[in-house]
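Visitor: Using the sequences and the accompanying hints, generate a full structural model.
The listed protein sequences derive, respectively, from chains A, B, C and D.
The first sequence begins at 1 in the working numbering and counts up one residue at a time.
The second sequence begins at 1 in the working numbering and counts up one residue at a time.
The third sequence begins at 1 in the working numbering and counts up one residue at a time.
The fourth sequence begins at 1 in the working numbering and counts up one residue at a time.
Pairs of lysine to any residue residues, derived as SDA-like cross-links and limited to a Cα-Cα distance of at most 20 Å, are as follows: (1) A:299 - A:313; (2) B:169 - C:74; (3) C:276 - C:299; (4) B:169 - C:224; (5) A:299 - C:127; (6) B:299 - B:334; (7) D:15 - C:21; (8) D:275 - D:334; (9) C:15 - D:23; (10) B:18 - A:17; (11) C:18 - D:14; (12) C:18 - D:23; (13) C:15 - D:18; (14) C:299 - A:127; (15) B:169 - C:223; (16) B:18 - A:14; (17) D:299 - B:128; (18) C:285 - C:188; (19) D:18 - C:25; (20) D:18 - C:17; (21) A:18 - B:21; (22) A:169 - D:224; (23) D:15 - C:17; (24) A:285 - A:108; (25) A:18 - B:14; (26) B:169 - B:190; (27) D:18 - C:21; (28) B:15 - A:22; (29) B:15 - A:17; (30) A:169 - A:158; (31) A:18 - B:25; (32) C:15 - D:14; (33) B:169 - B:224.
The hints are simulated quantities; they were obtained by calculation from the structure and are not laboratory data.
So the chains spell out like this:
Protein chains: 4
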Amino acid sequence: MNLFQSDYQEGADEKVLKALLDTNGLQTPGYGVDTITEETKALIRTLCEAPEADVHFFVGGTQANLTVIAAALRPFEGVISSDLGHINTHETGAVEATGHKVLALPSGQGKITAEQIQAAYDAHVNDVTHEHIVRPAMVYLSHPTELGTLYTRTELDAIYAATQACGLKLFVDGARLAYGLAAEPDVDLPYLAGICDAFTIGGTKCGALFGEAVVLKNAADWPHFRYHIKQRGALLAKGRLLAVQLRALLEDDHYTSLGRMANHKAQEIKQALLKKGYSMLADTKANQIFPVLPNIALKTLETDFTFAFWEAVDSAHTAVRICVGVTTPDENIEALLHAVEAL
Amino acid sequence: MNLFQSDYQEGADEKVLKALLDTNGLQTPGYGVDTITEETKALIRTLCEAPEADVHFFVGGTQANLTVIAAALRPFEGVISSDLGHINTHETGAVEATGHKVLALPSGQGKITAEQIQAAYDAHVNDVTHEHIVRPAMVYLSHPTELGTLYTRTELDAIYAATQACGLKLFVDGARLAYGLAAEPDVDLPYLAGICDAFTIGGTKCGALFGEAVVLKNAADWPHFRYHIKQRGALLAKGRLLAVQLRALLEDDHYTSLGRMANHKAQEIKQALLKKGYSMLADTKANQIFPVLPNIALKTLETDFTFAFWEAVDSAHTAVRICVGVTTPDENIEALLHAVEAL
Amino acid sequence: MNLFQSDYQEGADEKVLKALLDTNGLQTPGYGVDTITEETKALIRTLCEAPEADVHFFVGGTQANLTVIAAALRPFEGVISSDLGHINTHETGAVEATGHKVLALPSGQGKITAEQIQAAYDAHVNDVTHEHIVRPAMVYLSHPTELGTLYTRTELDAIYAATQACGLKLFVDGARLAYGLAAEPDVDLPYLAGICDAFTIGGTKCGALFGEAVVLKNAADWPHFRYHIKQRGALLAKGRLLAVQLRALLEDDHYTSLGRMANHKAQEIKQALLKKGYSMLADTKANQIFPVLPNIALKTLETDFTFAFWEAVDSAHTAVRICVGVTTPDENIEALLHAVEAL
Amino acid sequence: MNLFQSDYQEGADEKVLKALLDTNGLQTPGYGVDTITEETKALIRTLCEAPEADVHFFVGGTQANLTVIAAALRPFEGVISSDLGHINTHETGAVEATGHKVLALPSGQGKITAEQIQAAYDAHVNDVTHEHIVRPAMVYLSHPTELGTLYTRTELDAIYAATQACGLKLFVDGARLAYGLAAEPDVDLPYLAGICDAFTIGGTKCGALFGEAVVLKNAADWPHFRYHIKQRGALLAKGRLLAVQLRALLEDDHYTSLGRMANHKAQEIKQALLKKGYSMLADTKANQIFPVLPNIALKTLETDFTFAFWEAVDSAHTAVRICVGVTTPDENIEALLHAVEAL
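Guide: Have a look at this one:
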């Protein structure tokens with residue numbers, strides 16, 4: 001069976017694996033206070049052109065999201081998100097478990113707009129009973145989004161302006177950032193580091209065994225951040241493992257290269273499906289595609305391939321998610337292209 | 001510099017690393033619903049002689065502790081622990097962050113007794129104002145303890161009887177269980193699985209890159225446990241990585257063998273120090289030793305070796321922790337033995 | 001100025017006040033373990049025809065809601081509510097602060113339906129990734145709703161059937177229950193006690209200085225409930241004050257009588273407004289009305305009367321809430337009727 | 001039966017009750033934004049000589065404590081308290097339920113010292129693993145303490161200096177402040193307002209039906225505080241009821257006068273017991289006394305009087321708490337004095 005339902009079906013990219021092997025015997029202090037970690041933080045600051053930034057490493061995305069959000073908010077504050085946002089739909093209420101409401105806004109193709117954010121903020125402050133209502137204090141975006149779409153620089157400029165006008169923090173979840181950087185080069189690391197109070201550079205879905213880097217724009221705004229990490233159970237004992245992997249990915253622009261290759265292959269599959277006359281639920285340029293397939297065709301494909309069910313479009317059609325990850329074997333992709341051809 | 005301050009200074013045992021390499025290219029579903037994970041769970045159930053048990057894997061110990069405890073308790077309930085217990089001292093209030101009080105009992109050499117547990121429970125229920133007081137509902141032990149000591153089977157029998165009499169759940173933190181199994185063979189996996197509602201088999205400090213197995217005595221008592229794991233940010237995307245490592249450790253009793261070797265080396269160092277006339281803060285048989293050293297001798301050793309500061313015993317003496325882990329290089333141990341000799 | 005924006009603008013009904021005075025000098029144990037409290041609980045059990053029920057008293061509604069919900073749910077579970085539900089909109093995230101997500105459903109006129117509840121539950125259990133999603137475990141309704149509307153017995157029968165089919169708990173917030181009982185007599189106390197796992201009988205908005213009774217259908221399903229109350233800061237030291245007031249209200253059906261009078265007056269105002277040609281945002285039979293007024297008319301009325309702003313219907317019209325409470329002075333109502341007449 | 005186990009066995013002081021009656025018919029906006037509340041806040045600011053202070057009203061002490069503490073701390077921070085502190089022993093883990101650890105220090109007679117606070121802070125910051133440990137950020141004291149004892153101005157000066165040196169907030173729980181102000185006049189309202197970031201002026205145990213005023217030294221340090229109150233379920237709908245009562249108590253120094261009378265009577269009982277040769281567990285000057293009684297004498301007294309069990313001193317002696325509140329009937333006190341005489 002060839003698995004296409006997500007981009008975390010295999011282990012790690014070869015370069016990442018080699019880095020883990022090469023450093024295995026080294027002795028370092030635990031909990032991320034070693035020199036590899038320090039060097040990798042410095043590398044990320046350099047890549048982000050953000051000398052004032054703080055960088056921390058987490059094993060996974062939910063962990064990173066809940067820790068950053070809980071660290072940023074006061075008890076009565078909430079975080080604005082697309083209704084499709086990962087924190088609103090697929091983290092089993094992890095943010096609420098830290099005491100905070102997710103303030104969901106309806107989204108077109110996974111994205112929310114500056115206008116929606118401004119309107120939500122205005123609605124709050126203009127309500128005379130606002131002390132009885134959760135106060136919006138942060139905006140959470142995913143880039144790419146859960147629907148594989150990407151924010152443009154223009155959209156992000158407007159969102160940034162809105163958050164500045166409203167005094168809201170901006171947090172971008174980059175779990176799939178390798179694919180985003182490759183598909184939307186205008187939204188690069190220095191740009192994100194300039195507009196985001198916090199953002200993540202995802203490793204798990206982009207070639208690492210696991211690991212996300214969290215970039216905090218101004219270290220001074222996030223005092224004592226390691227206490228938060230430890231309290232949430234997110235301080236890895238052998239902390240350098242995270243840095244080793246992220247360094248292997250980010251050096252020499254390997255990260256974006258990996259994303260570019262995967263995007264390319266995903267788009268090949270998309271073209272093959274479009275050629276067959278199937279439509280897409282969302283218009284994506286990166287590594288996730290969302291074809292709407294006749295149930296019969298889907299059934300045929302599912303004898304050899306797995307996809308993620310997305311939604312029943314009508315009684316005869318189903319939308320699925322097809323992911324190509326940086327470690328998806330080439331032969332699987334070839335096989336899928338042939339199978340689509342043969343439909 | 002040779003690092004002895006803890007047992008998580010290197011990467012993984014060779015067998016673990018090989019298993020990760022061998023499985024790297026495999027495609028599996030994410031989040032621990034793959035066959036490697038299922039097989040490893042079955043292996044652990046077999047080793048524990050506990051067919052009714054549920055098994056789950058976590059990246060780290062704090063994560064495992066907070067998830068198990070929060071899953072076990074109702075909001076007004078607390079967990080009894082030694083005052084030196086990891087959850088009480090070194091997890092930045094992770095348990096409290098889930099809403100629960102740690103009910104600390106004074107401990108001799110890191111251990112608490114059945115009598116203390118019974119007395120704490122009785123004090124609660126006999127207090128007419130008990131509805132104003134956190135209700136004890138679980139007992140947390142570490143084995144080995146934070147002071148490297150071990151519970152005997154007789155002590156654990158009594159603790160188990162007390163928890164049964166009081167209706168308390170019993171949870172044993174086995175972050176260093178490899179060393180415990182080797183040093184106190186009476187307390188083996190089937191025994192622990194018989195008395196504990198939950199216990200952990202630690203990987204991180206026992207030869208894995210990371211990973212702890214949580215064994216839940218009766219699966220039926222812990223419904224929907226994977227929701228808890230996900231909510232706490234502890235459901236690893238590439239979940240099989242945990243199973244791969246734990247399997248490599250637990251197959252063919254490799255785990256206990258590794259523990260035995262490390263214990264042996266730690267005890268060699270202890271003997272060398274005792275021979276020099278230094279006393280130990282605690283009487284340990286496993287991989288951690290706690291010598292009380294003259295500050296001058298300590299200073300000499302610290303030119304080449306790092307230890308964990310434990311406490312200032314008096315103005316001229318300091319207790320330190322020396323750990324030997326399963327991956328501590330032999331040459332480091334030799335060097336330390338020579339350095340002790342030369343004091 | 002005559003205040004009509006809510007039903008908690010004055011002190012208490014005369015009967016309630018007299019009961020407080022009459023019992024002021026009595027000595028009783030604190031924290032609600034006195035005989036007045038016991039008698040009032042018995043009275044409520046009798047009125048509800050629910051001998052197995054447990055009854056507790058709270059100072060306020062948010063306190064009661066958060067305590068009941070947090071006591072009912074396990075950490076990963078959430079509570080279904082109308083998007084207009086008080087817990088979703090006007091309690092500053094009190095439920096989330098206990099760690100639980102409010103699962104909001106769109107509502108027509110403040111109400112949700114059995115079909116919506118069933119669909120939400122089905123969507124959860126049928127999603128293969130449901131372990132990544134907050135699990136619905138309770139349904140929260142308000143009766144009357146935040147829009148002043150009422151559930152019929154038929155609607156509640158269907159909702160009850162759905163919750164039973166799905167294994168969901170049912171919780172009805174009766175902050176304004178006096179008005180509900182008077183306007184919809186089919187939905188009486190025994191009926192509510194039969195279908196609800198928990199419901200409240202509101203005092204604060206129905207003639208008490210403060211106080212809500214929480215009725216728990218089966219005491220055995222809510223063990224140690226007083227611990228929850230104390231932990232949330234909701235156990236009143238002079239606990240009998242709550243019982244004294246609720247008893248004064250509930251004896252001799254005074255409660256429903258008060259509600260009936262207020263409903264009658266609110267409906268008089270509604271008729272006067274309808275007669276003037278103004279429409280209502282929602283069709284209400286109880287003590288809250290939601291007229292859509294031309295801004296000019298509103299401005300005129302606001303020289304002497306206060307209402308609660310509800311929403312801007314269009315650039316020339318505004319919907320407001322007008323409440324008549326059991327203690328609203330008759331002369332205020334007369335004045336408002338005259339003012340409407342004169343528009 | 002004459003109840004002496006606590007100081008909340010009756011209703012309210014006559015003056016308080018009259019104030020409630022006199023204002024019952026008034027219409028005011030809800031939730032404490034009325035003019036009575038504003039005037040009472042101004043009165044308290046004046047009495048505290050603290051024009052920059054913010055004042056809020058709560059129904060009860062646990063509610064006030066948990067709200068103030070949760071508002072003051074960041075997630076990884078804890079609050080230092082005497083091990084006998086109300087938040088550590090008698091609030092069912094209310095502080096932990098907001099996510100924060102209570103850092104208990106051993107106490108002599110209910111009090112902790114500046115030296116202990118400084119040492120606890122130093123131990124934290126000097127520990128190289130402090131990021132793994134809950135960070136102390138606030139000190140909680142009770143005055144009078146749970147053992148009825150009082151801090152002297154000298155002790156408080158030292159504690160204040162320590163908190164300033166360590167950057168810790170200082171919070172004083174004045175649930176029984178009327179008795180404290182009367183017994184230790186040096187520690188008056190302006191003094192407390194000068195040293196405390198927050199303190200409470202207790203009403204419930206000092207003549208009100210219920211109610212505590214929270215004084216926050218600098219309003220600017222506690223932004224959006226009403227959101228916190230609402231979120232914790234502590235914003236009373238008919239908020240003016242709290243202000244009405246506190247105003248009645250605080251006007252014309254009625255509060256301290258009430259405390260003085262009760263202290264005087266409690267001390268009369270103490271003298272009678274001392275005269276009989278019984279010792280006291282703690283040396284108290286205010287309204288609580290803690291005699292150590294032979295069990296036989298206790299049994300005799302308990303036919304007509306109730307006390308709070310405190311501890312079994314030895315097999316033949318028991319320490320109990322006897323409280324005199326501002327509303328304890330004179331005849332009860334006379335009866336107790338006679339009964340002691342007759343022992």
